[in-house]
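Here is what each chain is made of, one letter per residue.
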Amino acid sequence: MSEPIETRLKPFNPLADKTLALGGRPDLFLRPEDECARFSLRVPVGALKKAAVAFEGNIPENIGEMSVGTGKSALCLGPDEWLLLAPYRDAQSIIVRFSQLYETAAHSLVDVSYCTLGIKVCGPRARLALNSGCPLDLENMPAGRCTRTVLAKAQIILLKFDDQHYRLEIARSFAPYIWEFLKNAGKIEEH
Amino acid sequence: MNSFRTEQGGRLCRDRPLGFTFEGRTLQGFKGDTLASALLANGVCLVGRSYKYHRPRGIMSAGSEEASALVGIDRGEGRFDTSTRATTQELFEGLKAVSQHCWPSLRFDAGALAGLGGPVMSAGFYYKTFMWPESFWERVYEPVLRKLAGLGRAPVATDPDIYSSRYAHCDVLVVGGGPAGLTAALAASEGGAKVILADEQSEIGGDLLSTPEVQIDGQPAWNWLKSTAQTLASRDNVTILTRTTAFGYYQQNFLGLVERLSDHLGAARPGSPRERLWRVRARRVVLATGSIERPLVFSGNDRPGIMLAGAAKTYLKRYGVRVGQRPVVVTAHDSAYASAFELAEAGVEVRTILDQRAHIPAHLSKRADRLGIEILAGHTIARTCGHLRVSAVYAASFDAIKGGRKISCDCVLMSGGWTPSVHLFSQSRGTLKWREDIGAYVPDVYTQNAVSAGACDGDFLLSEALNRGAEAGGLAAGATGFEPGGQNRFGVAGEFPLSAASLEESTHATAAARGKAFVDFQHDVTAGDIEQAVCEGFHSIEHVKRYTTTGMATDQGKTSNLNSLAIASEALGRGAPEVGLTTFRPPYTPTSFGVLAGHSRGKLFEVTRKSPIDSWAEENGAVFEPVGLWRRARYFPRDGEDMHRAVSRECKATRTSIGISDASTLGKIEVVGPDAAEFLNRLYTNTWTKLGVGRCRYGLMLGEDGFIHDDGVVGRLAEGRFHVTTTTGGAAGVFAKMEDYRQTEWPDLDVWLTSISEQWAVIALNGPNVRKLIAPFIEGIDLSKEAFPHMAIREGKIFGVPTRLFRVSFTGELGFEVNVPSAYGLAVWQRLMEAGAEYDIVPYGTEALHVLRAEKGYIIVGQETDGTQTPHDMGMDWAIGRKKPDFIGRRSLGRPDMLVPNRKQLVGLLTTDPAYVLEEGAQVTAENTSAVPARMIGHVTSSYWSETLQRSIALAVVEAGRKRIGGEVYIPMPGTVYPARVAEPVFYDPNGERLNV
Amino acid sequence: MLLIDCPYCRQGRPEIEFSHAGEAHMERPADPETASDAQWEAFLFHRTNPAGIHFERWYHIHGCGCYFNAVRDTVSEKFILTYKAGEPRPAVSEIEALMVEKEPE
Ligand SMILES: [Zn+2]
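Chains as they are written, first to last, in our numbering: chain E, 3 to 193; chain C, 15 to 1011; chain V, -16 to 88.
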């Protein structure tokens, strides 16, 4: 896990060392996603192209679209709201480039790297576990889309890579609850 | 083998005998039985006592409409289910059933003998009887009623079962797996639409399970059923849910279904769920919910052995049970003849059919003749005899209802016709229309994308149901973009033809009925009760329902609603459609709380948000308290300290050296953009444009009503970047409000908001030694008093971790709030604790925090304020930027009521007895009296023991409080009145000398 | 649970993603200080609460984060249309036409 902060202090992750594999294949597999830098970007659509240049990555224009690169990802969550994910090593240069952009195009880039934790949810029973608490029609949600929504009693950001592979972004203080929820749902649905 | 069980037939596994007990008696049935069919097969007729009158009751139906045969099912510790319908409970090995409402025993019941069921308990008895004298309620009524009344007894132990819950989406949801539902599902799914077929019974088939004698498309009904079930099961796009009740139909085709997974087996396997809640969103819904037979209303129609005629046929055909040896049939509808004939052909001695109608269809009388059954047209039952089982009836014509001919029997089969099950349709907000020809309501105008087919739509014939179902399924497929199925017509042979009865004929008896003619069997409501309610002036059917409680039991009046309506309508002299039906509400059948709770129990009952430093607090013995969804450390007791002593120690350490506290739960919002300062100007009472970069200010936020809504410190990180903090509990609301104004009131401002509450862990360090503690670990920040004054913010590093360091204080001591990325909060805290050892650093919780801030007179929004306080009331005029043209709430501050001189104002209270700590919430009076009533002039908002001041302190809001400073007020408490001096609300270091060091 | 057609997300979204935000078109006086007591009172307290067509505000709090307006029939609970904040109040004729169109087939 690469961290941007040069310190001997150990970062704390409430999900650290957790994994869950239920069933043979496994049918449901949960794992914390690798840590990364995250930014909340708020920018008028008119300046989106410039923002993409500053990000050095694609930024999709429509709500629910996401662009997933090898290192950097951009999720469009609202009409002028994006969540940018990047390796820690790129964080500082992203901050610098956007602060330069601010001179010509007003926007807001806020470091939210530690606001949320990512959970990888995959396997043939992934959708069922998620639908135990998420009211969206996940089966008909196209692959490669993302959305902010609700899972049980928590807000989440949901990324669908394919029918058996999802990623959740959850506020840190809700993450242990969501982990427990998915574990519980996954176990119940084994039967 | 007894004479009740047939030698063959039915859908039983006769090679799978099952032992069970009823009231401690060991009995035997077969796999495929319900508890009811197994009891009947054993000749058990008396199942329970009725709710109000404790009358003996038996089994009246064969389905979920059952209102009489309610039992307790004991599956072991915590698994006792009350008021379970014996007619839907599948038999399993070892099933233990007990009857309800009987005390001391089923056969000998005190309630019935005591005559409690006398005229006292007529309509409205709750309203009339228990009004006086008041003391009687506790001493007499309640203890007696507790013993005698109630719908069964509730389990005491925790429910050991687990419950599943899921959202599901489909193109077509078919509710009901009878003939119409089956063909609907076939037609809907053939083209690939995603179909869910739900049926409440143990297997699909509905009425077909009771009519093996008919042929469909040239096959015996059960063969057709088998191949249809196979076809549906083979389709990947079809989900068949048996033992699944659609209990609620909500907006936009959203339905709640409960799938019962283990009740038919006894207990669930360990780890597997007992029930599953399906929350289904369907693009189209096909309602194929069937119909329910109506009882007839005659005197003594509730004796054990009296049941619905259709049920008797179901017991015979599906369960291989003859419900009696010598039945009398009483009917207002053709369908009862089918039951009579089938029973006669099965060797039962059916002697007489009483038909309330004057004219009998010829084909019926002919067949009755052939079977040697006498028909008495225009006749009904005047009364019945028999104690624990019906033994005879008096058959009479309507004009000679008092007399009649006695006919002995061991059971009575009755039919008042069939009522379409429009419950779900009605819940969907569809409107009903009256059909005179069937004497019932059927669906009329749909408000959702649904269609009804079969008996629930008034089409009672099997052929109609099959064809209409297919049509409905095909339409649903088409509407969702799929090809409808090919087969629209089904050939039926051997079907029993039906001519209908009117509702009037079916309830004809009631006008003449005297004695106890029951309408609502579960709530013990009689025809007389309904007539009496009308007589007493209840003319709306909704009022009649509530006054008599008809239709309000757990069966929701499935068998009684139309009869109540008919009787009320007759008493009112208005037609049934004019009187109307009462509203149908979910759930269709009783639904367990467990399945509704689903996953939300135990540690998943509620989210407990924990700060990044929570684990340290837990390891170090903190006592926690909930603050919103968060839990926060309240105090850290050492070696057996109570809260008082721990808090005193924490306060003292903070005032004399260093206290450390976790403030991570504070709400935080980053406000960015060229117009950020202007935006904050409009949101907060304070002025922000002149706040220098690197400085902080206390911000006060009002509602448009001028009352204090939230507060917090705001730091300016850059020209267009602010770090705003909110209260812990107010975080979400403040963010929503800010977004609201940003998006809808001032969309022209270039400013954006981002919640950063969880980005930063916040460690509050307070006390005279704090600067010395952190100095060695800080990089890039000059901590000197001059370079980093009180109310300033700097960015740098602590222990190598980036920090936003605030110099602020909520205690009145030199204070720093260390913001670090939340992943590092715990590690930084631990380092600070280690380094702080030489200063005897002490962690403090919210309780000490409250004391320390109260000593300084700092308010807590929500404690000193309750949504009716202005800044002026709180003595916070200094926070108002007077020169600003506008901010939220400014205009309201000029409203006349905000300017009156006797508004409640924040003051300090010092009790005359310094050792006495006032109760928070205690009322304040101006007079030294405990006389009642006294005029209250305010209340205590905060009250603590101050270790620093060695006395109690309190904050209060008191009318014109500031004028009273120096004067005395009184706090009346039980038995005594506490005098207190009104003081300035700042008790400690009023000039703030300790802050600016 | 209702499905709500957020004008930004443009698909029926489950109700639990939203929170209700009061009546729509309650115009905050441009300069509150010059508003009379009566005008300010009306802005603060007066709401229509009709049985029938109602203009209201919703917040897609667990979605795109936008406030928007909706026309809803408070009797049937049905949403008739939604539109972005700042857009004018739709005409009655338009609403009525949509109500007919939205009847189930
Ligand atoms: Zn939206």
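Keep in mind the hints are simulated off the structure, nothing from the lab. Note that the structure is predicted; figures quoted are calculated from it, not measured. Quick reminder that beta carbons are idealized off the backbone N, C-alpha and C, glycines included. Treat each hint with caution, since some may be false.
What the simulated footprint calls covered on chain C by chain E, stretch by stretch (three residues with Cβ under 8 angstroms from a Cβ of chain E suffice, anywhere in the stretch; the number is not a length) [what the hints assert, rightly or not]:
#, segment
1, 286 to 300
2, 623 to 629
3, 698 to 707
Taking the hints in turn, this is what the structure says about them:
Residues of the segment 286 to 300 of chain C with a Cβ under 8 angstroms from some Cβ of chain E number 4, which satisfies the need for three, so the listed coverage holds. With 5 residues carrying a beta carbon less than 8 angstroms from a beta carbon of chain E, the segment 623 to 629 of chain C meets the three-residue requirement, and the given coverage holds. Check on the segment 698 to 707 of chain C: 0 of its residues sit with their Cβ under 8 angstroms from a Cβ of chain E, so the three-residue criterion for coverage is violated.
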